[in-house]
Each structure stands twice: as C-alpha cells, then as structure tokens.
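These are the residues of each chain, in order.
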Amino acid sequence: MSKYIQRYTETERINHWIVAICFILAALSGLAFFHPSMYWLVNLFGGGAWARILHPFIGLTMFVFFFIIMLKFWNHNKFNHNDRKWLGQWRDVVANREDKLPEVGRYNAGQKALFWVMVVSMIVLMVTGMLFWRPYLSQFQSIGVIRFVTLLHAMAATVLIIGIIVHVYAAIWVTGTLRGMTRGSVSAAWAKKHHAAWHREVTKQG
Amino acid sequence: MPLQSLDITRRSATTTPSPSARQTTKVAKLIDVSKCIGCKACQVACNEWNDLREEIGVNHGAYDNPRDLTANSWTVMRYAEVEEVSAEGTRLEWLIRKDGCMHCADPGCLKACPAPGAIVQYSNGIVDFHEEYCIGCGNCITGCPFDVPRISKKDNKAYKCTLCSDRVSVGMEPACVKVCPTGAIVFGSKEDMIEHAEERIVDLKERGYKNAGLYDPQGVGGTHVMYVLKHADDPEKYSGLPKDPSISPMVALWKGAFKPLALLVIGFTALAGFVHYVKVGPNEIEEDGEEKEKA
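Protein sequences, first through last, are from chains V and H. For what it's worth, our numbering labels the leading residue of the first sequence as 623, then goes sequentially. For what it's worth, our numbering labels the leading residue of the second sequence as -3, then goes sequentially.
Misleading hints may appear alongside valid ones.
To be verified - Within a straight-line C-alpha distance of at most 16 Å, the following computed EDC-like cross-link-like pairs (lysine to aspartate or glutamate) qualify: (1) H/150 <-> H/50; (2) H/275 <-> V/714; (3) H/31 <-> H/194; (4) H/206 <-> H/194; (5) V/814 <-> H/202; (6) H/150 <-> H/128; (7) V/707 <-> V/720; (8) H/22 <-> H/191; (9) V/814 <-> H/280.
Since the hints were made in silico from the structure, they are not lab data.
Only chain H is shown next, with the shape it has when bound in the complex (with noise of 0.2 Å):
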C-alpha cells in the first residue's frame, strides 16, 4: 500500500488535497461474463495471493460457495439459472459472476467513511481499504451501492477486494486476472478494456445475443471493473447487478449537502447566544437589590 503513497486522488474523510504528485495510467479489469465457466479458480487466486483462508461452510444446494462476499472472500462467484422465453421458445441459461468491489470512480464507500485515510483511491482508478485507519463503523456498508464491503468477526474491520493494488502497483496484473483459464478475465488500462469489451459485445450480437453490452454504470462515474454482459439491457438477471448504481440520495444528503450545513447552523447558534449576551446583557434580578450591593 506504501508504495502508492503519491498517488493518491482521493482519501476519505480529509478536507485538504491527498499526495498526487505522482499520475498513473487509469486501469480496469474486464470480466466476460460470457466466456466465465464457473470454475472458481479466480477465488481461489484471490485468497491464494492474500494468503487469506474462508472457513470451511456447508452445503446448500447451490454452486455459490461461500454463499456470499465475508472479510476472507474478496471475491465468489454467483451463478444463476435464468429461463429465457424467445420465439424459439424457453431457454434455460446458467449465468455466472465473478462478484466483488467494482472500483467506482464515484466511490460510496469513501464518501461515507468518517475515518481519515482508511479508504483512499489512487489515480488509477483502484479504491483501497487501509484497514489500520479503520475503526469499525461500517459506513462503507452503507455508502456502497454494491452491498461489497464486509466488516471481519474477528477484528471490525471492513475487508473487500484492493484489484490486487499492490500487484498492479509493480505492474502485475491482479492475481484473479493471472489464474482465469478462459481468459474471461483480462487487465490494461480502462481505454484498452473499454476497446476489448467492444469487440467482443459485436461477436456476441453475430451470435445472436442482440442485447450484448458492457457494464460501466455512469451512476457511479463509470467502474474500474466492468462486465461484459449478455444480457446489458437487464443486469439484474447476474444474481441482482444493479441496473443503473448510484449512491443512495440519503448517503449524499447525509455526506453532502447536510453536513456543513449542519455545523454551520451549530456554529450559528452558539455565535448568536454569544452575541446576544454582548448586546443585551445578563437577565438579573434587579430587585434583588440589596445582596447584590452587598457582594
């Protein structure tokens, strides 16, 4: 993490300038939804590379396993049977996502952190996590609009997927990116994924798939992990993708508008009280003339 240290666009909860000296190239990954084949080996990349390990779960009747983003699964895979009714009648399709943070160039979570320089996102475009800042309130949960980040049991501290910052920032790629057998993973800069995602939307429409689309919600200002979806036109059929992300208007208000309002009409107040006792004085007791001339 120290390694990007002047590069910087953006910590959260700080009011000056974050260290930018230092300006990199904006990078994305690319996941092709549909050359993914379920495989996991991306999840296991991922806790392999941050030597992290999921506790061992049980069986529900499902390929998901974990069931769902922990502090340890920065990553899993979400697999979905959706029917799809055409004029050649219903289809059974198994869709699979590679589920995790999506590097918002809006980021939720860090306009929602109160805790100076815990999340920080650097000018390529990755939105990191530096757990030591962290103090456990969970306002990342709330802020994010991809319901990622998750607070660990074991120490209350929020985990999520750092798009391997510290391989990128040697100029490796992401370790989920090195390991996936099918290639439906590919790492570059966001200019050369965008251009990659667009040839392969037009081999998906030649075979038929006339909705093929890349996911780059503008909601969010665009993301630094994108998906190229079969089916763009209804993203929620990818175990409930947001359609069109954006953060929730109460977190904006809440860490927007409100805020400095907020301190400005407390600031006011306690001026107006001070201000009010220069002018008009205390409110005593003038018939209490005696003691008073006493003391």
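Isolated chain V (complex conformation) (with noise of 0.2 Å):
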C-alpha cells in the first residue's frame, strides 16, 4: 500500500486555485461596495471605479470556472443514508469524536451541504449579477427587478463567504486536507480516518 493516495489531478487542482483566487478578489471588491468600513479596499485594485468595472469580470471568471468543477465534483455530492445521521450527530462532529460518526465516502455530509450551498449561491450571484451589470446590461431590466437582484445578490454573497469561511477552515483544521488541493494526495492514514469508505474503494482498485 502506498503512503499517497491521489485525490485531486492537475486539472482539478489548478481549476480550483483560479476559482479560489477569483473569489478572493470578488468578495473583496464586492465587500468593499457592501459597507463603507470596508471601502479601502477598492485601493487594492486601483480605486472605486476599477473595483466596479473588474468586479463583474472576476465575478463571471469565477463561475465559468466553478462550473467546470462543479459538474465534475456534482456525482460525488449526492447525500446518503449515512449523511442525514452525520449531520444528526454535529456535536460528534464539532468536538472531534469523529470514532463515533458513521463511515464517510469521498466527502462527508458536511463538504456535501458545502457544495450545494456553493452552486446555489455561485448560480444566483451569476445570474443576479448579469441583470445589474452597468453599463452593459442592466439597461434592459425594469427598477423593480433591479432593486430586487441586487438585494438577492447582497444576500447570496454573505451566504458564500460565510461558506467559504467554513471550507478554508476545515481545511485547516483538519490537518493534511490541504495537501490534498495543493500536492494532489493525501496521506493513506488521513483518508482511513476521515474517508473509511472511499480509502477502501480506492485501495481496492489499486
């Protein structure tokens, strides 16, 4: 059995970063129209009028690229038997009693959810954010649904960062997950801990 074990490819690995990058810059400058607390931060791209014009680009980047990922990963994200216990047994989860979960494939009910709260809210920011976007598009819209896509957008960005914050921080606190985003593999011990199943079907095939 060897030490490694590939869970993302190249292609994965790089689609990832160019959507996580995308991202950071897109909640940046969106953030900064969100609260005047935040407004410096239309400096990092060169003042309030370049943040405006780039963050459509970087926002429409982002989800041409989570598209890709999305419909590779969608298979892996279907919920189980075995999810609806994980999530009834959160407290497990958060206190790190992880011997007492129920076994987990490639991704737990956790990473699940994630997933489709991610394509929920990548789907509406795309789409709310074309029906607003000057000066393009927005000119074929109606106030009304103007006023309402840019609530809606407001909405499903705090969704996505606040989702985000929970991705970035499982990966760190579950140590050796990175490895798996940044060197392709995960060490065989870590996907025997947190993905008995998949561990099983991937040793087996090989």
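Assembly of the complex is requested from the two constituent chains, each provided in isolation within its own frame, with the hints serving as guidance.
Given below as structure tokens:
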C-alpha cells in the first residue's frame, strides 16, 4: 500500500485555485461596495471605478471555472442515508469525536452540504449580477427587477462568504487536508480516518 | 461645490458625522404646474448655466424633447394629454410637468451609493452629486424613487439636477427659476414656498379645481422641489409622478438592516472558527504516530 493516495488531479487543482483566487478578488471588491467600513479595499484594485469595472469580470470568470468543477464533482456530492445520520451527530463532529460518526465516503455530509450551498449561491450571484451589470446589461431590466436582484446578490454573496470561511477553516482544522489540493495526494492514514469508505474503495482498485 | 463644504448634513457611504458647523435655511423650488405654458425656457437655462448641450435627437411626434432625462439634460418638460370626465362632459387637459431631481429629504440615491462623498445632502436640503468621487455603479438609480439620475455614456459618472447648488450657495436662485417667463417656478425658503403654494391652491380651488394641492411627498421625508398640482389627488396623471413615493423596501433592507447584520454574521463565523481551533484543537491523524514523532 502506497503511503499517499491521489485525491485531486492536476487539472482539478488548477481549476480549484482559479476559482479560489477569483473568489478572493470578487469578495474583496464586493465587500468594498457593501459597507463603507470596507471601501478602502477598492485601493487594491486601483480605486473605486476600477473595482466597479473589474468586479463583474472577476465574478464571471469565477463562475465559469466553478461551473466546470461543479459538473465534475456533482456525482460525488449526492446525499445518502449515512449523511443524514452524520449531520444529526454534528455535536460529535464539532467536538472531534470522529470515531462515533458513521463511515464517510469521498466526501462527508458537511462537505456535501457546503457543495450545494456553493452551487446555489454561485448560480444566484451569476444570474443576479448579470441582470444589474452596468453599463452593459442593466438597461434591459425594469427598476423593480434591479432592486430585487441587487438585494439577492448581496444576500447570496453573504451566504457564499460564510460558506467559504467554513470551507477554509475545515481545511485548516483537519490537518493533512490542504495537501490534497496543493500536491494532489493525501496520506493513506488521513483517508482511512476521515473517509474510510473512500479509502477502501480506492485501495481495492489499486 | 466646495463652497458649501461646511454645511453637509449627510454624505454617502460615510459612518461618521459630516462637516456641519454651518447651518443654512431649508430651501425649496416650487413648480406651479397650473402656470406652466411648456415653453422649455427652464430646460434651455439649465443647459446654459451648467454649460451642457444635448445631442440633436429625432422628432418622435410629441413635444417632449429630449424624450427623457439624460446625463446632459437634468430637467425635461413632460407633456401629458389627459381626458377629464366630469358632470359637464369630457374635457381634454394638457398637463405639463417639469421633471428632474426632487431633492428628497430622505434621498434614496444617497442611501444606496457605495462611494464615500459621491452624494451629499447640504443643510439647505439640496442633494448634490460629486462626480469626481462617483464610481459609476448606478446604485443611485436603483435607490431613486423618481427615476432621476442618469449615467453618462461618455464617462460612466452619474448626473442630475444640482438645484443650482453653486448659484444657491452665493444667494442666487436656480437658473430655471430665473428664466421662467410666467413665474411658474419660484424659489425661496421651504417655509415660504409652502405658504405661497397654499395661496395658489386656494386660488385654484376657487377656479373649480377642487383637488388642487401641494406635492411634497412625506414618504421621502418631503422634497425640496415641490409641485402645485391641479389634480393632487392623482399625480400619476402628470406623466407618472408617483402618488406616494418612498425608498423601495428592497433598497431599505439592502442598505439598512441587512448590511450590518451580514457583516456581523460573517465576522462571527470567522471568530467561531478561531475559538473552535483554540478550544478543540486540530483534527490530527493519531494513527500516523511514527511520521509525527520523526517530524
């Protein structure tokens, strides 16, 4: 048995980091417009007008690459019976009593839930963002639609930012996880402990 | 604009008080629609004073020219033909309204603007755009209950009527007021303008316009551009002047309660992660003891 198991291919990793970088840039420029206390962030983009110009292009790039990764991972993120049980035992998850949790496949229920939160918020952000994109697309919408989608855009962005904080924290918290996305492989011990069913599956094949 | 920098009541995207040492009298422009003859002198004066020229348009079979407000035309005359049905029969009325910024006491544009200082409200009530700070996002359009601001195609900055803040700050009346040949537009303190409007309404009522009244919508805290309307019961007749305008609940939620709440939840999530790490510690692989000891 090899010490490390391949978890993400090179393409998947590059794709993930494009989405990640776009997310950081889109979130920072978006937050700058969201609250006066964060307006100084526009300086990272060359001022207010530049932040306004760049934000939609960054967002669109993020969505395109997210869409590719989403199609790839869609099938791995379907909920099953064990997932419901896992979610019900969230106290054990948070308290690090992993041995009490039901066996996990490639992704645990938390990762799956987060995947769907990201899918929904990304789609909402893209659709609403397109509808009030000035000066290119906003003129085709009534003011009522623009007001509604602007609010929805801010709400979806908040949900996504919270989701990403959880995503990043989980990767830090569960040591050895980050390696999967930087080097592409995880240790066999990591896989056995956190994704036993997946570990069994891949080692059987190998 | 810098002339009035000491009497700012509100500044867009600013959470601390604005320079407000100087207090000025609340002003208002009163447009008596019943006296307006639709000559467009006000439009011309606006272009003249602000040194702006509209592009030559096309004739589309109506008097409205230009057809709508633009980044260069901050005021336009809107002509509505309305059939008045009464006991005496049907009568055609030509309702002409000078459209432009209403200078709301509670301005939706200022509430929605994300750029600090791009929109200011002076203590005299004038709401002014400072285009040099404008980032061209168009949130002012989203926030405005009257559909007034326009983004220039040339420079992507938002423009609208300034109520001639430059003239008013040195004791002059707005250009449109100065030039109006019938006295349909008057300017003064808001108090005086309300008083003047009341006299006009009494006169109009005597002449049979029993629904005559003042348009100073309280949904936006009152406005610093007011109308005397013959049909104040139905302002929509005047090319869609909203009956009871207010900042849209969507905009109010977006720029009101949601904004601090969202930040709080985001901040709390990040903090919860930190506290969790300190309390519970990382989720490490214990079985892999050998590797760890080596390291």
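Hints violated by the structure (listed by number, smallest first): 5
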